[in-house]
Each structure stands twice: as structure tokens, then as C-alpha cells.
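The listed protein sequences correspond, in order, to chains B and D.
Using my numbering, read the first sequence as starting at 1 and increasing by one per residue.
Using my numbering, read the second sequence as starting at 1 and increasing by one per residue.
Derived from the structure by calculation, the hints contain no laboratory data.
The reader is advised that the hints may include incorrect statements.
Only some residues are given here: those of chain D computed to face chain B with a beta carbon under 8 Å [unchecked claim]: (1) E89; (2) I91; (3) T96; (4) R98; (5) H101.
Cβ atoms here follow ideal geometry from the backbone N, Cα and C, with glycine treated the same way.
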Amino acid sequence: MKLPEAAGLLLAFVARLITGAQGHWYGCPPKAEQRIYFANHQSHFDWVLIWAALPGDLRAVTRPIAARDYWTSSALKHWITREVFNAVYVVRQRTDDQDPLEPLAEALKSGDSLVIFPEGTRGSKGEPQPFKSGLYHLAEQFPGVQLVPAWIDNVQRVMPKGEVVPVPILCSVTFGAPLQLDPGEDKRAFLERARNAVVALKDIR
Amino acid sequence: MGALRTFTIEQQVGLLFLGLFGVLGLVTLIGFGRTLRDLPSEEQELHERFTRELRAVWLGAVLFWIAWVTGAVVATLLFGVISFLAYREFITLTQTRRADHRSLLLAFFGVLPLQFVLAGSRHFDLFTVFVPVYVFFAIPVVSALGNDPQRFLERTAKIQWGIMVCIYGMSHAPALLLIDLPGYAGRGAFLVFYLVVVVAAAQIVQELASRKLRRRPVARAISRSFSWRAWLIGALTAALVGALLYWATPFKPIPALVMGFIAGATGSLGEFVMKALKRDAGVRSWGGKASVTGAVGLLDRVAPLCFAAPVFFHSVRWYFGL
Numbered sequence: 001m002k003l004p005e006a007a008g009l010l011l012a013f014v015a016r017l018i019t020g021a022q023g024h025w026y027g028c029p030p031k032a033e034q035r036i037y038f039a040n041h042q043s044h045f046d047w048v049l050i051w052a053a054l055p056g057d058l059r060a061v062t063r064p065i066a067a068r069d070y071w072t073s074s075a076l077k078h079w080i081t082r083e084v085f086n087a088v089y090v091v092r093q094r095t096d097d098q099d100p101l102e103p104l105a106e107a108l109k110s111g112d113s114l115v116i117f118p119e120g121t122r123g124s125k126g127e128p129q130p131f132k133s134g135l136y137h138l139a140e141q142f143p144g145v146q147l148v149p150a151w152i153d154n155v156q157r158v159m160p161k162g163e164v165v166p167v168p169i170l171c172s173v174t175f176g177a178p179l180q181l182d183p184g185e186d187k188r189a190f191l192e193r194a195r196n197a198v199v200a201l202k203d204i205r
Numbered sequence: 001m002g003a004l005r006t007f008t009i010e011q012q013v014g015l016l017f018l019g020l021f022g023v024l025g026l027v028t029l030i031g032f033g034r035t036l037r038d039l040p041s042e043e044q045e046l047h048e049r050f051t052r053e054l055r056a057v058w059l060g061a062v063l064f065w066i067a068w069v070t071g072a073v074v075a076t077l078l079f080g081v082i083s084f085l086a087y088r089e090f091i092t093l094t095q096t097r098r099a100d101h102r103s104l105l106l107a108f109f110g111v112l113p114l115q116f117v118l119a120g121s122r123h124f125d126l127f128t129v130f131v132p133v134y135v136f137f138a139i140p141v142v143s144a145l146g147n148d149p150q151r152f153l154e155r156t157a158k159i160q161w162g163i164m165v166c167i168y169g170m171s172h173a174p175a176l177l178l179i180d181l182p183g184y185a186g187r188g189a190f191l192v193f194y195l196v197v198v199v200a201a202a203q204i205v206q207e208l209a210s211r212k213l214r215r216r217p218v219a220r221a222i223s224r225s226f227s228w229r230a231w232l233i234g235a236l237t238a239a240l241v242g243a244l245l246y247w248a249t250p251f252k253p254i255p256a257l258v259m260g261f262i263a264g265a266t267g268s269l270g271e272f273v274m275k276a277l278k279r280d281a282g283v284r285s286w287g288g289k290a291s292v293t294g295a296v297g298l299l300d301r302v303a304p305l306c307f308a309a310p311v312f313f314h315s316v317r318w319y320f321g322l
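Could you put together the complete structure from these sequences and hints?
Put into C-alpha cells, the structure is as follows:
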């Protein structure tokens, strides 16, 4: 076993020890199909939680999105995102000559699954903020990829914004039924529908 | 029983485990035999519950055995992990606020390891007062530094209470395993075994009695089955079982009877208190299935032990004048 693989197993173990990382597959089974998981975003811990809740063989093909400026700023951050998580780097500052979604499109073309947080930023609590349009553009370009909504519960208690050490509290990730972009569906209507699909998972017990 | 006393301690403990696993194996076989026949759906449900409980007992017995074989360090570590998982479940069910983050970190990564280190290293005097005195002082200070007065007393009380039950209570199990009583060195496993058997007997008998008697519950809003008479029957059974097991303990028959009563009675009342807590948190029944947050009812299972162990431990120390 190589070092990144071992580090990944260790991280998943720690995440499970701290949060339980329960995955509830409510709307679809965990299958090795190409998917875009989209979820509410409350903490830096969100990605690790989803990742730890996935079965081992899906972890290898499911990649997070990381902001290039932040996650390559130190050797350790860069190593973890590149080697352990195989993250897709995006540039936060928009430049005229480059499409910010291009790295994502490339990853999808090569058959990988993605996890995205369409709110764009970590919300403080409760209801997620309106979704950014990236999800819509990806759905338009890749109609064959399943869009799976996910609700992450309790994680804001584990690591509130501004804290570094997580407190052990049980969390869960509820995965809903896959969505699809309807032919001719308006961008705003689709994003609203996607957001509602995430929020609806909140009350499933 | 006279012949047993001529064996070495190692052999006696070995026999204890042989007996324990023998009985468990027998019960499992009988249970398996029953599944071969077709059961009516009503009994089916009962059987499933039985299987689940039996699995928990197996797990407990195997953990107990590992704890004994591997010695003080691993035993303490093992009970420490159980305590960690129980406290994690407790905190999940309790409402805390952002300002409690630091106190929770202190509880999980400071108090918990230290308390078990104290138990493992046999510093029983400090072990006894560490949580009620020093932690009781430190937690509210850290919480107050969090700069959030809203429901301050409630939040601090909950954190402290959880520490008392899940960490302080649980840490008395390895302490019992490690305590050196006069003329009883190296046989702590018997004490833990005695405690668990007595508490379990009280619970099972109480459950059966409350079903048979159908008495009016004392506190309907909390438990539909708890009645004083059923509780007394459970505790008296525990006393009887305790007296029958006296040869395995450092007690004479009458003190063994009293100790059995104390452990059984406190264990059942502890479970009753845990029910109140569950109602408060809005959890109807864990029933062995994971709830949304993944709480699986570990707290339920260990609560009687957590409540009974400190009372039992300190009764033992009083009795021997330690």
C-alpha cells in the first residue's frame, strides 16, 4: 500500500470515529455509475464526511473540487488534495479567457464522479443559500451523468466556522433520488428544483 | 465449591470464561434451533429482538475476555473507547451551542483520557474526585469564556452530567478490574463479572415481572412499564443471584446479598433515568436500528452499568475500609 492510500484510509477512519459518517442511501443505491453529488455546505468537514460515507470502491473515482489558491498554498494541503483526494482544482478569480468549469468538464469526460457544493460558500446555518449556476451548465453538457442530491446533517456542530479541532458528534449524509435536466427547462427553475431536492432530504427520518 | 478454591487464580478465571461462553453458546444454539421451525409473526418479532440482544451480550462477553487476557492497559483502553462512543451519542442528543465547542473538546480529549489513565494507573483517590471536583470547576469556566450567556446553566449542566454518566461512571468498570482488595489480588475480573451478571439479572427479571404483573406505572410519561413492585422483584433477584455468586467475590454470603441488591437496584433505576433522558431528547425508541444521526442505542445498553458501577465500586471500598 502506498502512502496516499494509507493516509486516505486513516482519514476515513478518523472521520468515522468522530462523526460516525453514516450514509443513508434513500433515493438510490451506492453504485459505480458516473454521478455528480451536490450537497449543502456548512463546514470544511463536509467533503470528508461525504467521502467517508461512500463505500471504499466509490471513493477512488469520486473527486472533490478545491480552490487552487487555497489548497495549493502549502506543501501539505497540496499533497492531501492532489494525492489523497485527487481533487479537481478550480480558479476562484474569474478571468475572461478561461471557463471556470473547464477542469470539471474534463474530469467528467474522463469518467470520474464529482462532489460539488452549489452554494459556492459555507452557509452559517439552516436553509442553504441559492445555488450557483455551475450545476446547471454541467447538467446541460453531460446529460448522461446522474445528479444526486445529498443532505449533510449536524456537521456544523462538529466543526463550526472558525474552529480547527472537530468535536465528536454523530453526523449523517442522506442521498436522494437522482435528478435530470428536463428538456427546455429554465436555468433558474432547475436550480430551484435542485435546491428543493436537497432541502427535502432534511426531514427524512 | 471447595475444590474450586484449590485452583490457582488463573485457572479459576479460565473456568469463569469457559462457563460464560459455554452458557452463551448453549443459548445461541437453542435460539438457532427455534428458527428452524416456522414462527408466527408475533413471535418472529420477539425472536429478532432476542437475537439482537444476544448479539450485544456476545459482544460484551468477548470484550470482557479480551480485556482480561490483555491486561490493564488494553482493558482500560477498551472501556475508554466505549465511554467515548457513549459520550459521543449523548452529546449528539443534547442541544449545545457554538460557544460550547472548547468545553466539549476539553471533555472528549482532556477529561476522558485522563480519567481512564487515572483508573489504569490505580490512582483511585484522585480518580474518585477528579471529575466531581476539578472537572466540575473547569468546564463552566471554559464555557463562560465562550462568551455566550444564552441558556448557560442548561448547557453546562448537560455537558457535566454527560461526563458524570458516560465517562466517570464507565471508568469504574476498569477500576473494578484493577482494584486490589485484601486477599483478592488479581481477581478483579470476578468483580466485573459479578456486577454485570447481577445488573443484567435485575433488568431481565424486572422486565418480565412488569409484563406479568401489569401494575400501574409510577411515572407514565417516562416509562409505561416501570413500577416499584417490579423494580423490587428485580433488585431482590439481583440480591439472590449475588448471594449465590458469593464464592467468586471477596464478600461473605450476607454482604454479597447486600451488594447484589445495591448493584441491581441502582442499575435498574439508572436505566429508568436514561428513559427520561431519551424522552427529553425526543427519541422514542432506538430499537437496535440506527436513527438519522446514527445513534444506535449504545447509551441504552451501557447506562445501567454506568450508574451501578460507581455506587458498587465505592460500596466495595467502604466495606473494605480502603
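Outcome of the hint check:
no., hint, in the structure
1, E89, "holds, 7 Å"
2, I91, "holds, 6 Å"
3, T96, "holds, 7 Å"
4, R98, "holds, 5 Å"
5, H101, "holds, 5 Å"
The structure agrees with every numbered hint stated previously.
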